Amino acid sequence: MIELSVHKKLRAPSGEMQLSVDINFPKRSFVCIYGKSGSGKTTLFKIISGIMQPDRGQIVVNGKTWLKTDDKFHLKPQKRKVGFVFQDYALFPNMTVLENLEYGLEKGQSKSIIDELIGLMELGVLADRKPDTISGGQKQRVALARALVQKPEILLLDEPLSALDHEMRIKLQEYILKVHQQYELTTLLISHDVSEILKMADTLYHLDDGKIIRQGKPVEVFTRKEISGKLQLTGEVVAVEPQDFMCLITVLIGNELAKVVVVRNEKELLKPGDKVLIASKAFNPVVKKIG
Amino acid sequence: MNSLKGIITNITVNGSLSLVHLDVSGAVFSVIVIDTPKTASYLSTGNQVSVIFKETEVVIGTGKEFNVSLQNRLEGKISEIQSGELLSKIILDTNAGKIVSVITTRAVKNLGLKRGTEAVALIKTNEIMLTA
Amino acid sequence: MDWSPLILTFELAVIVTALLLIISVPLAYWLNESKSRTKPIIETLVSMPLVLPPTVLGFYLLVVFSPSNFLGHWLQEWFNIKLVFSFGGLVLASVIYSLPFMVHPIQSGFAKLPDSLKDASYVLGKSKAQTLFRVLLPNIRPSLLTGIVLAFAHTIGEFGVVLMIGGNIPDKTRVASIAIFDEVESLHYSVANAYSMVLFAITFVILLTVYLINGGYLQKFRT
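Residue numbers (my numbering), protein chains in the order written: chain U, 1 to 291; chain A, 292 to 423; chain Y, 424 to 646.
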């Protein structure tokens, strides 16, 4: 069980904000923190990892206390079993890929984990390269591998996939799911991408202005209520073409484009970038075998 | 998207399908869904649910006597028609509220629909979704 | 030509640069990290030599360390250290006078590094010292080099402070810049010219090397 209770006053560009998060989730969960930028997501991660201190709070990870402000107890980041993949990857530019991974070793820890991670993340050919000379997706894999060297109990992923193109994203999502399973991790992911969250996470917390406003299974949180249509797809509106009283909207679902007609309703005008749920009855679609 | 409130009056289960009868402001609606009271908690007699269906799935009929298979019917009066070159949007005021229908402009002309015309909205059983 | 002023100059520059490096790394690190209220005061003091006439600094050092004054008297009585008109005094004065030239580049080097590098190192279980020596310093090498070279070159070139506290004692405090002045005073233009040429050439070569390395021009020859 992971128990987080974190309270901190933050100075955001929009003024002061109170970060107040009280959440518990079981070990080995894949938790997503969803929310606008400036809602306190990264701060929450910094507090979990110990880089930042809250005004008040308590963190207990699998029975071990990491933080208890009431007792003035604050475990140093060095002592917390946490892996952190930073948004900018934070690879050390002076070290090669291999050296970056080796830097993560604890005193006396066997190097076999490095070989294992290099194999798992397919980093063999990059081992002697410096971070400046590899691509974004490759840096991401190195950062993920480095965060796993000490076999953390919690893996924190701060919007790791936002800078990558679609194909690379899909691939890295698979890497992340693979290590989440293999190392029995409890993973926390910050993400804005609804399809990514639906694919990866089993629990979703929607953080807004420092508070959790919605939580639950991602599908339920995003669709809000149960709907009986059995063909449900979530995607992002990429184009809206009005025509008379209707709109032809183009929706990106995964990496496929679908077109849907909606009758325009002044109250809920769609615009490109909106996340949408497309639902249809199971009776309606026509199915044709391919090939 | 049309959305009406209805109260579940009866549920008939067969395998994983359920035929749900609802009272929508006096009109009887039947809806078929791939869910049973076991898989969906909102399926329970007496529950209020939303009945939703797309505008393009609403058939418009005039006159009293016609034989069609569509069982879900709501009678009302046309309050507005917006005609495009090919398609028209019709708003029908019924006991259950406003219903929007999109049909061809040719059909509007053939039926002689205009504001104030008494008409019936008909929706196929398999086009309706329920949501709690 | 007497080479001893030149040799003395370089001895002084090497010692001063080494001391400055030892002092400036922790000082610059602290200045970059600290949110303390004393920080602006320390920052101001470090930067003072940039704007203060060297003679002002030299004058106060001379007064403070003069054996007729309490501190100077005490140092001489108890430790037999004489900082006025001695090589030790020159070193101390030069360290103070060249401090901003070492601290500023290192401080801005630290400031330019993303915080996430330090955070990542801590999360990987590494101490502050390990993080400083294995992650932070190796990644501000150009700033370190700039600091070293500026401090070295500036120490070679200083005149006012040296004249005030060191005077003009051959083999002890008579550095090249003083010697040049001295030779000109005595109308020995050719000797002054020789000293000047050597200083000119050496400082030119040093600075050129820095710009070449930091500009990456030498990168292609390294590997």
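Calculated directly from the structure, the hints in this document are not laboratory data.
Be a bit skeptical, because a hint or two may be false.
Examples of chain Y residues toward chain U, derived with CB under 8 angstroms [what the hints assert, rightly or not]:
1) Ser509
2) Asn562
3) Pro565
Simulated DEER-style distance windows between Cβ atoms [stated by the list, open to error]:
4) U/Leu231 to A/Thr303: 37 to 47 angstroms
5) A/Ser307 to Y/Pro537: 27 to 37 angstroms
6) U/Thr133 to Y/Ile445: 52 to 62 angstroms
7) Y/Ile592 to U/Gln109: 13 to 23 angstroms
8) Y/Arg564 to U/Glu220: 45 to 55 angstroms
9) U/Leu177 to A/Ser374: 46 to 56 angstroms
Quantities reported herein were computed from a predicted structural model and do not represent experimental measurements.
Here a beta-carbon is modelled for each residue, glycine too, at the ideal position from N, C-alpha and C.
Each hint, compared with the structure:
| no. | hint | verdict |
| --- | --- | --- |
| 1 | Ser509 | 41 angstroms, violated |
| 2 | Asn562 | 5 angstroms, holds |
| 3 | Pro565 | 12 angstroms, violated |
| 4 | U/Leu231 to A/Thr303: 37 to 47 angstroms | 23 angstroms, violated |
| 5 | A/Ser307 to Y/Pro537: 27 to 37 angstroms | 55 angstroms, violated |
| 6 | U/Thr133 to Y/Ile445: 52 to 62 angstroms | 34 angstroms, violated |
| 7 | Y/Ile592 to U/Gln109: 13 to 23 angstroms | 60 angstroms, violated |
| 8 | Y/Arg564 to U/Glu220: 45 to 55 angstroms | 53 angstroms, holds |
| 9 | U/Leu177 to A/Ser374: 46 to 56 angstroms | 52 angstroms, holds |
Hint compliance for this structure: hints 1, 3, 4, 5, 6, 7 are broken, all remaining hints hold.
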